[in-house]
Amino acid sequence: MPVQLFIFLAVVSIASSLGVVVQKNPIHCLLALILTLITIGALFVALDAVTVGFLQIIVYVGAIMVLFLFVIWLLNLQAEPVPIGHLGLKFFATIAVAAMAAELFVFLSKTRTALGEVNVAAGYGSIDSLAQTLFGQYLMAFETTSILLLVAVIGAVAVARRALPVRASAGSPRPGAPS
Amino acid sequence: MIVSYSWVMALSAAIFAIGVAGVLLRRNILVMFMSIELMLNAVNLTFVTLARRMGSMDGQVIVFFVMTVAAAEAAVGLAIIISIFRNRETVNADELNLMKW
Numbered sequence: 203m204p205v206q207l208f209i210f211l212a213v214v215s216i217a218s219s220l221g222v223v224v225q226k227n228p229i230h231c232l233l234a235l236i237l238t239l240i241t242i243g244a245l246f247v248a249l250d251a252v253t254v255g256f257l258q259i260i261v262y263v264g265a266i267m268v269l270f271l272f273v274i275w276l277l278n279l280q281a282e283p284v285p286i287g288h289l290g291l292k293f294f295a296t297i298a299v300a301a302m303a304a305e306l307f308v309f310l311s312k313t314r315t316a317l318g319e320v321n322v323a324a325g326y327g328s329i330d331s332l333a334q335t336l337f338g339q340y341l342m343a344f345e346t347t348s349i350l351l352l353v354a355v356i357g358a359v360a361v362a363r364r365a366l367p368v369r370a371s372a373g374s375p376r377p378g379a380p381s
Numbered sequence: 013m014i015v016s017y018s019w020v021m022a023l024s025a026a027i028f029a030i031g032v033a034g035v036l037l038r039r040n041i042l043v044m045f046m047s048i049e050l051m052l053n054a055v056n057l058t059f060v061t062l063a064r065r066m067g068s069m070d071g072q073v074i075v076f077f078v079m080t081v082a083a084a085e086a087a088v089g090l091a092i093i094i095s096i097f098r099n100r101e102t103v104n105a106d107e108l109n110l111m112k113w
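Heads up: the sequence lines are chains A and B, in that order. Residues 203 to 381 in our numbering are what the first sequence spells out, letter by letter. Residues 13 to 113 in our numbering are what the second sequence spells out, letter by letter.
Think of the hints as simulated: they come from the structure by calculation, not from any bench. Honestly, I wouldn't trust all of these hints.
[Claimed, not checked] Stretch by stretch, here's where chain A covers chain B in the computed footprint (C-beta under 8 Å, at least three residues):
hint	stretch
1	16-22
2	73-81
3	89-96
4	99-111
[Claimed, not checked] Mimicking DMTMM-like on lysine to aspartate or glutamate, the simulated pairs with C-alpha atoms at most 20 Å apart in a straight line are:
hint	chain 1	residue 1	chain 2	residue 2
5	A	226	B	70
6	A	226	B	107
7	A	226	B	106
8	A	292	B	107
9	A	226	A	282
10	B	112	B	101
11	A	292	A	282
12	A	292	B	101
Glycine included, C-beta positions come from ideal geometry on N, C-alpha and C.
Using the sequences and the hints, build the whole thing.
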């Protein structure tokens, strides 16, 4: 990966992820998040994870972010007129985040190996090699994931649906029924 | 100058820290949720970087699974947010203090 490309992607991703935190309007937060995810997808491709990089853009930007967008539309969220939350708690949270970031930098920056030094087999990161690993060693986990998605979708529908109106002919409503 | 693995790891550490800051500093549930997605992606970047370093595909498969779980989590979490908004007319996490003592 050329140095200029990495610096460009790093600057864009950090600036846009800061945008997620500082923007007042949730729509602007979401747009900044989408930019961050696309940049991380580009980094995946640059790190020889081509399939995962494109999956990142298709699944995250194409599906999950659209879900967020629908919810923002549905709730008709506006920008916060005044910042909410306690100032003292925010102060301590900032110190905690700075300490954690420093710790992560120290522990993650130990290696000095350059990207080009490690050679990988031809076809590394391709659909073929991903599928060989996914449907070989991780087949059981893959099948379990499909059950997880099914349960999550059913649960989402059950949680988000409006409670059915109680019919008059059905007698008194159940005690404790959600309204 | 050549890009080394530690640079990418430092980038993902920075994005993770920004995600933590978003969860701690913002009180809008939806923005806190977006910050969680940010943290998930920072960890995904670490997985891909280390997979490239080790020359194995395992890290990329884990990223695949993380994406799937993130999709499930987003579906359930957004359903809960809609449900909360319908009952309480708010997305401010500080106002949801029913289970607080």
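- Message: I'd like to know which numbered hints this structure contradicts. Please list them from smallest to largest.
- Response: Hint check: 5, 12 fail, others pass.
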